[in-house]
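Enquirer: Sequence:
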Amino acid sequence: MRNKISILIAGLILTFGFTACTDDDNFRFQTNEEVDQITFLNEFLPEYVLSEETANNNAERFIWATPDFGAPTAINYVLETSQNGTFEDDDLEVVATSTETNASVSIGDMLSLANDKGLSNSQLEDEEGNPVFDENEEPVFNNEGELFFRVRADLGDNAENTPEAVSEVTTLNVRILIETEEDDSPEPSGDCEFDQLWIVGAGVPDAGWGWDSPVQLLCTGDNVYSGNVLFDSDGDGNFRFFTNADEQWSSPSYNFPYFVEEGFTIDPVFEDAEDGDNNFLFTGETGVYFLEIDFVNQTITVGPEQVEGNCDLDQLWLVGAGVPDAGWGWDSPVQLPCTGDNVYSGNVNFSPDNDGNFRFFEDADLQWDSPSYNFPYFADDSFTIDPLFQDAEDGDNNFQFIGDAGTYFLTVDMENKTITLE
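For the sequence shown, the working numbering begins at 1 and goes up steadily by one.
To be clear, the hints were calculated from the coordinates, so they are not data collected in a lab. Heads up, some of the hints might be wrong.
What the hints assert, rightly or not - Below 20 Å or equal to it, Euclidean Cα-Cα: the simulated EDC-like pairs (lysine to aspartate or glutamate) are:
id	residue 1	residue 2
1	K117	E144
2	K117	D90
3	K117	E80
4	K117	E137
Construct the entire structure; sequences and hints are all you get.
Expert: Shown next, in the form of C-alpha cells:
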C-alpha cells in the first residue's frame, strides 16, 4: 500500500513539473486592455507644394508620442494613408513601418499619393479632349487636394489580444506645382547655381516666417550672393536660406549646420538657433547689414550697409499691380538696389494682370509722399525703354508691363539712359 502511495505522489510531482515547464515556455505578459489614443506631436504646414524637381526632398517627418501599453516592450508603428480618408480595408495603404516614434515622407511619396487621387499639373480636358478654361479664359487644373494620414501602434504577437492605439486622422493640403512655359530667364550679375537665395524668418523682419515678402539675396559674383539685409535680434532672431520662393516651404533650404559641415567660416553674429530646424540665429544689434555668402571661399560675412555703386539713391522702389510681390501698397515694395555707377538692377517678378501698371519711388518710408518716376519721366528724358513696357495712360501715366508673367532681370541705367529686361 505504501509503495502505491509513493508511486502516486511521484506521478503527481512529475505531472505538475511538466505543466510548470510548459507554462514557462509559453509565458505571455498581460497588457492594458485599453490604451490611450496615440497623438502626433509635430505642427503641420498649411500647404505642401509638390514637384518632380524636389521629389527627393523630405516633405514631412511625422512624429508621435509613445502610447502606454502597460508593459516594457518594443512597439510596432505603422504610418497609414487612405485616398478617401475612410481607412477601410479597401481604402488603406501602408506608408511606413517603424519601431521608432517617427517616420519621414518625401515629396515624391506625397506626389505619388496625389497622383493616385487623380491630381496632376496637366490642364483639365473635357469629354472631347479639349482643354478646359474658366470664365476668365484661364486654364483649369486639378492640382490641389487633401492627403489623409494616421499612425497605428501595436505589440504584434507578444501580448494577449494584441491591443493597439490609433491616432486621429491628419489631413494635409497639397498642391502640385504647375509647369509653366519657359520664357527669358533672368541673368544674374555673376555665375551662380541659383539666380538668388531667399531669406525667411523672424530674424529678417522684412520677410518674417511667411512667403508674402521673402528677402532676396542676389547672385552678385561667381558663386557669391550678397546684399543689404535688415536683421533683428528681438524675439527668436532665427531664419534660414531657401533656393526657390515659388515652392515656398517645399523649397530646398540651408540651415546653420549645413554651412558648418561644408567647412564655412561664419560671422560671429550668427550661431545655431538649436530649434527644430537648426536655423540661423542673429545675435547682433538690430539694423541693416551687408551680407555676403561666398561659396568659393566658403565664408559668410556681415559688414556695414553698402551702396554697391555710385548712385543718387541707395535703391529705387517698385509699387503697383504689375509687380505682384508689391501690389498697390507699402507692405512689401520691391527693392531695386544700386549695383553700379548710376545703375539700379535686380530680379523682379512682373505680371500683365490687373492692368500690369506700376511706377518707381525714391523713399519707401515716405510711401505715397515719396518722389516717384512714371513712364513719361523717362520717355521725356530720352531713355530707350524695353518694348515690354509702355505708358499705361492711366491717371498717373504709370508704366504698364505687357509681357508674359515671370521673373526678369531689370536694369535702370541712368548713365546710358536705358531700361532693359532680360
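Enquirer: Each hint needs a verdict: does it hold in this structure or not?
Expert: Here is how each hint holds up against the structure:
1. For the hint linking K117 to E144, the alpha-carbon distance of about 10 Å falls within 20 Å, and the restraint holds.
2. Taking the CA atoms of K117 and D90, the gap is about 14 Å. The hint holds against a cut of 20 Å.
3. Restraint check: the Cα-Cα separation between K117 and E80 comes to about 15 Å, which is no more than 20 Å; the hinted pair holds.
4. Using a Cα cut-off of 20 Å, the hinted pair K117 and E137 is violated, with the two alpha carbons roughly 26 Å apart.
The structure is inconsistent with hint 4 alone, although it conforms to all the rest.
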